[in-house]
Amino acid sequence: MGSEINLKAIEHNAEDLFFAGGTAEIACGIYLMGYGLVPLVESIGIHGMIWLIINLLICFALLRWGKKRFFTPRIGFVKLGGGMTRNLNPRKRRMMIIALTATALGILIMVADDLFFPAESKPYLFGKWQEVIFYVFMLVAVVALVGYTSWRFLVIGTGTFLAFNAESVLQGLLQPIPGGLVGWGIPGLMVTVFGIFALRRFMREHPVLDAVKDGEDGATDD
Amino acid sequence: MIDVGQLPESADIGDVDRIIHEPARLLIMAHLYVLASADFVYLMNQTKLTRGNLGGHLAKIESAGYVTVEKVFVNRIPRTIYSMTEVGRAAFRTYRQNLKQFFDDWSE
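Chains as they are written, first to last, in this note's numbering: chain A, 10 to 231; chain V, 513 to 620.
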């Protein structure tokens, strides 16, 4: 029997296990790659926003399938929440508020810019800084989400953002009209590859449980 | 040896919930308290209890009304999902409070 009874440790362990396995990274990576395809799908007549929503749904479906296919037979089924959300500590609540506010502000800037200054009547509302401001807000959102979820995301989330932002920020500073979204494909591919390696390691370290192999979950019938 | 006469009246150890006061059941309750729900496999993995042992303890906790059990089939494999009831959550908080009170009141 595991001798440690520490609610915080149990909570962290459950969170770490839930985000382990690389499936979250693969889904994120595919979403980023999908983001990079926006100019392509727009060129064939599909609205970029519709594509992004479809892309998001695909990634959620993929994440669910991945958890079911790889995670559950090895670790078991677990649903986060319960005492954690009931007793959400102030730091996590603060992080979530920061992430949501930053995301909302970032999106607001992009939408305001598109609405009031369509492509034909550039310059942008915020001039060449528009995209820089957007990405700064997005970076704040990612860092805050890292604080909310797991520090593993620090490497993946901020690493990806900084790698891409280096180019994007420079584009924003040097060019009035950036076409930076195309660049999402490369970091997306990197995150996906990282996720595949993480998944392989996870599968090696956590073989399918005997009870599951036998076609049962081990619980005794009453 | 503890001199029982030293214990203050407010710290009545008899108030402690004996369903929860067993290490294995406390561990199971602790897991289910912080999670929305978990299946048998997850609990077995995390508590390192054997199938029979875990099943026995879960049955006791369930009979006390502290957890609910849902049996579902996923890809023709049965999955037994446990989640803590409001009664269970309240009992867990009371247990914690009682123990805390017991040690707080007990001047060494």
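Hints are computed from structural coordinates only; laboratory data are not their basis. Incorrect hints may have been included.
Listed below are the simulated SDA-like cross-link pairs for lysine to any residue, each with C-alpha atoms no more than 25 Å apart in a straight line [to be verified]: (1) A/Lys76 - A/Met42; (2) A/Lys88 - V/Arg605; (3) A/Lys88 - A/Met42; (4) A/Lys77 - A/Ala29; (5) V/Lys560 - A/Phe28; (6) V/Lys583 - A/Leu72; (7) A/Lys88 - V/Asn565; (8) A/Lys77 - A/Pro216; (9) A/Lys17 - V/Asp529; (10) A/Lys88 - V/Lys583; (11) A/Lys17 - V/Val586; (12) V/Lys583 - V/Val599; (13) V/Lys583 - A/Arg78; (14) V/Lys612 - V/Asn557; (15) A/Lys77 - A/Glu24; (16) A/Lys76 - A/Phe203; (17) A/Lys17 - V/Glu534; (18) A/Lys77 - V/His533; (19) V/Lys612 - V/Thr597; (20) A/Lys17 - V/Thr597.
The following residues of chain A were derived to be distant from chain V, with all beta-carbon distances above 12 Å [as the list claims (entries may be wrong)]: (21) Ala18; (22) Leu26; (23) Met42; (24) Gly43; (25) Gly54; (26) Leu61; (27) Leu72; (28) Ile84; (29) Val87; (30) Gly90; (31) Thr110; (32) Ala113; (33) Val202; (34) Met212.
From the three backbone atoms N, C-alpha and C, an ideal C-beta is built for every residue, glycine too.
- Message: Taking the earlier hints as the rules, which of them does this structure contradict?
- Response: Per hint list: 3, 11, 14, 18, 21, 22, 28, 29 and 30 violated.
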